[in-house]
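Using the sequences provided together with the hints, build the complete structure.
The numbering of the sequence shown is the working numbering, which starts it at 34 and goes up by one.
Among these hints, one or two may not hold up.
Stated by the list, open to error - If you anchor each label on the Cβ, the simulated ranges turn out as follows:
(1) Thr147 x Asn123: 18 to 26 Å
(2) Ser149 x Glu262: 51 to 59 Å
(3) Asp385 x Asn416: 14 to 22 Å
(4) Tyr126 x Glu255: 56 to 64 Å
(5) Asn468 x Glu427: 37 to 45 Å
(6) Ile259 x Gly332: 18 to 26 Å
(7) Ser480 x Lys283: 52 to 60 Å
Read the hints as simulated data drawn from the structure, not as lab findings. Just so you know, even glycine gets a beta-carbon here, dropped at the ideal spot from N, CA and C.
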Amino acid sequence: ASLVSDIQSQFDNIFGAGRVTAGINVDGALQFNASGSILQIIDNIESDTKLEYIGLRSIDMSILNLRGSLSENFGYEENVSFSINGTEFNFTYEDSIENIMKTVNESTANVKMTYSSITDKITLSATKTGSNSEIDIQNLSGNFFGPSGIVKIDQGITKNGQDAMFYLNDESKENLIIRSSNTFTIDNVTYTLKEETVTPIDFKVENNEDGVFESIKSFIEEYNSIVEELTSHVTQKRDYDYEPLSDEQKKEMSEDQIADWEEKAKQGLLKADNTIYSMLNELRTAFITGVENINMTFGSIGINTSSYTNNGIITIDETVLKGAISGKFDDVVSLFTRESSISYKRDLTSEDAAERFSESGFCQRVNDIVKKYITTSRDENGNKGLLIEKAGIENDASEGTNVLTRKIDEIKERLDRANELMDKKERGYWSQFSNLEVAINKLNTQSGYVSSMMEQ
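What follows is the structure, encoded as structure tokens:
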């Protein structure tokens, strides 16, 4: 009796008074019972240290064994099926609680099923927020949900939340704002509502000046790296000592030698490439052209282009830029991020394209240029970016079908036609030479005959 009392005391401390009871069954063995559940204590420790965890010792102890089946946990011997928010689930009595929870959580029912060993309860919560966070539960067969079911959750529809309703800078309370979540963003400011109130809340929004400075600096660095990379290709000189290798030459070289040779042979192939030059010019134009209705230039905020000999990359006077951000925060941000009223399309008319360009901030302009030249998605006419259309990209259909491959095919066709013409001319010349040879032979025969007649 003392042992049972000690065990009961430990159970009460861990699970709460009366939730798990210890006793002696008719066979004189220890017996543990939990209200509405089964307690499992799995022990593989040496006998002299058994169940020390609760004054006993266990490596795995819980009121509900999540790895156990419905049959093992609840003595349930029927298959069950139910629906949650219209999504149907079917399980056998041999399915584990863990598998049931995982299946529900990974479904499209928009709910999360969890178990707490502290409360010994399975809980369903909606993954959506606000007034749309309904949970509609229906038993289809068996008795999984309900007051007398495996999970003590009533069938029917449960409302889990309400929309957040508030006024923002609206003393007249004419424009009620409704959001499904307590956390939301308006005009690039993120708000989190903590509690209900009927009294106004005063707050101050401070500009993240350091964050904007670092973002601008990072963007300029990326811009410069693109300009330098493109410039290096269109200015690289060709080494004419390294012509493309023929198949016969490759047979006499190792793979490393071939790779080194071809790398040098490719140098300068893009020198003065018109498409890359056009992209570079558009990037530089995007920077030096002012943004419509913004009375500020890049030079006035400490951002300038370097000399032509330095490829025109952008330099930053950090002190001036920080001062501009502090003094004219909104204008600086707009200079980079302002969006046009005209949506981006690659087939805009020249008028719409010009208007979009003038209205857009520098970042938007660069984004448009990048899309124009290197986007891998097709437009309404089936075309990709200009550079992709010209040279293609690896592991894409454009790799085998682009401007360069079509030109190569055209050259091959011209070579084939030239070879055919040469063969035709060769056959014609052979025919002429053969006829000439026959004629000469006849002439020689006749000449010999005449000579012999004259000698007689």
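Is the distance from the Cβ of tyrosine 126 to the Cβ of glutamate 255 consistent with 56 to 64 Å? holds, 59 Å
Supplied distance hint 14 to 22 Å, evaluated on CB atoms of aspartate 385 and asparagine 416: Given range 14 to 22 Å: holds, Cβ gap about 18 Å.
Take the C-beta atom of serine 149 and the C-beta atom of glutamate 262, compute their distance, and say whether it sits inside 51 to 59 Å. At roughly 56 Å between Cβ atoms, glutamate 262 and serine 149 fall inside 51 to 59 Å, so the hint holds.
Does the hinted range 18 to 26 Å hold for isoleucine 259 and glycine 332 at CB? Holds, since isoleucine 259 and glycine 332 (Cβ atoms, about 21 Å apart) stay within the stated range.
Okay, asparagine 468 versus glutamate 427 on CB: inside 37 to 45 Å? violated, 56 Å
Using the Cβ atoms, figure out if serine 480 sits within 52 to 60 Å of lysine 283. Check passed, 57 Å falls within 52 to 60 Å.
Could you see if the CB distance from threonine 147 to asparagine 123 stays within 18 to 26 Å? holds, 21 Å
Hint 5 from the list above is the single one not met by this structure.
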